[in-house]
Amino acid sequence: MSTITDEEFGLITIRRSSRSTHVKISVAPNGTLRASLPLYAPLFMLKRLVKSSRDELRSMIDSQLPKYTLENGMAIGKSHTLVVSQTHKPLLSVTRNKQQINVELPEGVELSDAAVIENVRAVIITALRIEAKSYLPKRLAFLARDMQCDYERVRFSHASGRWGSCSSTGTISLNIALMKLPHELIDYVLIHELCHTKQMNHSDQFWALVAAEDPSYKLHRKALKLHTPSV
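All residue numbers for the sequence shown refer to this note's numbering, where the first residue is 59 and numbers rise by one.
In case anyone wonders, no lab produced these hints; they're calculated from the structure.
Keep in mind that this is a model prediction, so the values were computed, not measured.
Heads up, some of the hints might be wrong.
Listed next, the in silico DSSO-like pairs over lysine-lysine satisfying Cα-Cα at most 30 Å (straight line) [claimed, not checked]:
1. K256 - K280
2. K196 - K283
3. K136 - K191
4. K191 - K109
5. K136 - K276
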């Protein structure tokens, strides 16, 4: 199997098969994309399909999101809290006010209802994006200076099955879901991507760079697998 890296969707795994008659993209169980290609199909066909199908691919990834339970008082990211109340108003209201995500439930509507979760998730994405843009660029720049790494720019996404990626042009993409992680795991992901500015692979040399900056990277890498980059 081979792979390509997309700035938004991260690593895309490629399988070639004599039974494939066209390029097909699906979502793997871990939330990453995988592609099936005919044996001799050129890679530009896959890249062209990804470029022209971004909205559809985002929807595919969203449809694979894990189920989660919303609870009154639960922490959202690093600084937000979900506050749920009942209301006599006829319509559901979900708003963000400073560090609170306020949910007003009409009579007969439950926090577990699919429509409620969909509305709350949209505001959670907004909250995490605000937190990510406030914290991650500063932390990344600090680590980059300490590691003597150079990168071109930072971009943010939530429609990805990866915590982060680094392109050959020096763009580091970060998933806003990083704000759900403990700070030591956030640092591990940032260090991982910064090391890719020096080694665009996962060779022994790459992991030596990671180990030099994060001696506990193996523990952090294992702990990261217990979390999902989906929002």
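Here is what the structure says about each hint:
1. K256 - K280: Roughly 23 Å between the alpha carbons, so the hint for K256 and K280 holds.
2. K196 - K283: Holds, because 25 Å separates the two Cα atoms, which is no more than 30 Å.
3. K136 - K191: holds (12 Å)
4. K191 - K109: Distance ~25 Å between K191 and K109 Cα, so the pair holds.
5. K136 - K276: This hinted pair holds, its Cα atoms lying about 24 Å apart.
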